[in-house]
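One-letter residues, chain by chain:
There are 2 protein chains.
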Amino acid sequence: MANGGKEGLTPEAARSLVDSVDVFIFDCDGVIWKGDKLIEGVSEALHTLRSLGKRFVFVTNNSRKSRKQYAKKFSKLGMEIDEGEIFTSSFAAAMYLKLNNFPTDKKVYVVGEEGIKEELKLVGYESIGGPEDGRKSIQLESSFFFDHDRSVGAVVVGLDQHFNYYKLQYATLCIRENPGCLFIATNCDSSGNLTSLQEWPGAGCMVSAVSCSTQKEPVVVGKPSTFLMKFLLERFKIDVSRMCMVGDRLDTDILFGQNAGCKTLLVLSGVTTLPALLDPSNSIYPDVYANNLSHFVQLSSL
Amino acid sequence: MANGGKEGLTPEAARSLVDSVDVFIFDCDGVIWKGDKLIEGVSEALHTLRSLGKRFVFVTNNSRKSRKQYAKKFSKLGMEIDEGEIFTSSFAAAMYLKLNNFPTDKKVYVVGEEGIKEELKLVGYESIGGPEDGRKSIQLESSFFFDHDRSVGAVVVGLDQHFNYYKLQYATLCIRENPGCLFIATNCDSSGNLTSLQEWPGAGCMVSAVSCSTQKEPVVVGKPSTFLMKFLLERFKIDVSRMCMVGDRLDTDILFGQNAGCKTLLVLSGVTTLPALLDPSNSIYPDVYANNLSHFVQLSSL
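Respectively, the protein sequence lines represent chains A and B.
Mapping the first sequence onto numbering that gives the first Met the number 0, position 123 (from 1) lands on 122, and the numbers just tick up by one.
Mapping the second sequence onto numbering that gives the first Met the number 0, position 49 (from 1) lands on 48, and the numbers just tick up by one.
Hints were generated in silico from the structure; no laboratory data involved.
Each hint should be verified, as a subset may be incorrect.
Copies of the same chain look alike in the list, so a pair counts if it fits in one copy or across any two.
As the list claims (entries may be wrong) - For lysine to aspartate or glutamate, the following EDC-like pairs were computed, each having C-alpha atoms within a straight-line distance of at most 20 Å:
id	residue 1	residue 2
1	Lys105	Asp81
2	Lys135	Glu198
3	Lys72	Glu117
4	Lys72	Glu140
5	Lys75	Glu140
6	Lys215	Glu84
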């Protein structure tokens with residue numbers, strides 16, 4: 000690590016990183032906000048970086064919202080961020096299908112929330128499942144037969160606060176019985192700061208459950224998979240060596256940046272604690288780490 | 000395999016197995032019944048084996064019912080089986096806590112159904128969660144704080160047709176935040192014939208989800224863990240070399256029998272198909288396999 004293991008970050012290391020980077024890729028939960036609360040000093044920090052001519056991309060594994068809904072959230076929190084600067088794992092799932100020429104006469108079954116359904120709709124795919132199946136339940140009785148739609152050609156699994164046994168079996172039947180049915184995970188985060196006060200189970204939990212019942216591994220389109228990064232690089236024509244991934248999770252954000260060849264900055268304002276970072280069992284190290292984004296930007300300006 | 004790879008079972012191999020065994024340990028789902036339907040010829044096959052002086056133990060990983068409820072199910076299907084001959088993974092979970100001196104002033108949080116709660120109650124433990132939390136839901140809002148009972152000292156996870164995000168977070172908080180809280184899985188079956196017409200996601204799905212959010216591995220008390228077998232051996236004073244495990248699953252039943260040193264009989268009336276058994280990727284082979292229990296017993300009588 001550039002700021003030297005147990006030592007704190009130096010102004011020189013912070014300045015050197017800022018100078019060497021044109022584009023910052025920000026994770027949102029734990030970096031920009033926690034749940035619906037902005038993390039202290041973020042707005043000013045982003046303003047300072049913008050004034051230095053830096054470009055931003057906001058990348059979130061949280062699939063609950065679409066890019067449009069995230070732009071609204073930024074606005075509500077007092078920051079005007081363009082929809083085109085935002086990349087969600089829900090959008091990544093839709094893009095994956097589109098780039099792989101998924102036929103529009105096939106349906107997509109969604110274990111997840113509105114964000115996934117909205118992004119799928121924007122690229123012309125019909126989806127079923129999602130929030131409305133959260134109200135459905137199953138009574139396991141002897142002669143009960145659970146039928147499913149044979150025209151489902153892909154199952155997308157993301158974070159789902161209305162996850163239930165009904166959706167688990169529906170997704171399982173599609174993947175197991177519909178020939179060639181794709182199994183796509185928006186991401187595999189084990190947990191996340193979905194509210195400001197505590198961590199919550201992440202999409203990885205729903206993905207694990209479907210993986211277990213189908214005995215299959217999904218295609219992962221969010222961080223740390225390189226699918227999203229390749230898409231970003233092509234879309235933005237960004238030189239990867241002049242990019243820095245800023246995140247709060249080692250196994251998604253920092254790994255995502257490293258897989259792509261970016262510089263990496265870990266902020267300790269989210270899931271990862273300093274002891275966890277320095278624990279001998281951890282093998283993922285960022286180039287630089289700081290308490291939070293504001294702290295990093297302030298140090299770089301000294 | 001005693002009946003020689005792709006060859007069918009011979010009367011000699013079947014007879015030799017019956018002669019060398021005093022006690023048959025039967026899995027239930029896929030061996031005795033599928034959902035609420037008896038598998039053809041099972042009643043007669045058991046009658047024949049009883050008349051030869053064989054003793055029976057019925058072991059099921061299905062934690063949805065208690066031993067008492069299973070005795071009723073046998074009776075409803077026309078077979079009188081003593082409660083003492085039945086071992087469920089719900090009972091195994093209760094026994095695990097008791098044998099490990101789990102204090103009775105601590106509570107147990109249950110992700111699962113009535114069977115687990117009933118067995119826990121029988122050994123004097125207070126449980127919360129289970130079916131009643133299946134009706135609860137969460138609205139992830141900014142300032143929402145999800146509280147949990149700090150006196151929960153163990154979480155038991157089993158098959159749960161009312162699994163939801165509420166229970167997942169409750170179990171996670173207990174395991175993560177209550178010091179020393181145990182994480183017990185009744186079993187890790189990926190699927191099972193819970194109804195007669197199709198397979199359904201098994202307890203392994205709920206266990207995977209909790210494992211993901213807590214980043215911890217559970218203690219497994221059902222098959223193929225040896226906990227239940229050790230308990231059986233002590234209780235019944237059975238010579239393990241004169242026992243045969245009969246099951247429909249390679250990775251739970253057959254492995255369970257082999258881990259203990261029993262003989263093993265795979266029946267193809269449940270989850271495992273002949274191609275799956277003979278697939279080069281499979282590394283678990285029974286001593287003998289047959290289409291179903293009736294077929295095996297008939298052959299042994301020729």
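Hint-by-hint comparison with the structure:
Neither within a single protomer nor between protomers do lysine 105 and aspartate 81 lie at most 20 Å apart by alpha-carbon distance, with minima of 32 Å and 52 Å respectively. Taking identical chains as interchangeable, the C-alpha atoms of lysine 135 and glutamate 198 lie at most 20 Å apart only when they sit on different chains, with a minimum of 19 Å there against 26 Å within one chain. Within a single copy, lysine 72 and glutamate 117 get their C-alpha atoms as close as 16 Å, which meets the 20 Å cut-off; across copies the closest is 47 Å, which misses it. When the C-alpha separation of lysine 72 and glutamate 140 is checked against a cutoff of 20 Å, the pair qualifies only between copies, where the shortest distance is 13 Å, while the shortest distance within a copy is 44 Å.
For the identical chains of this complex, lysine 75 and glutamate 140 are inter-copy neighbours only, at 15 Å across copies versus 48 Å inside a copy, given an alpha-carbon limit of 20 Å. Taking the closest pair of Cα atoms, lysine 215 and glutamate 84 never come within 20 Å of each other, the shortest separation being 33 Å inside a single copy and 36 Å across copies.
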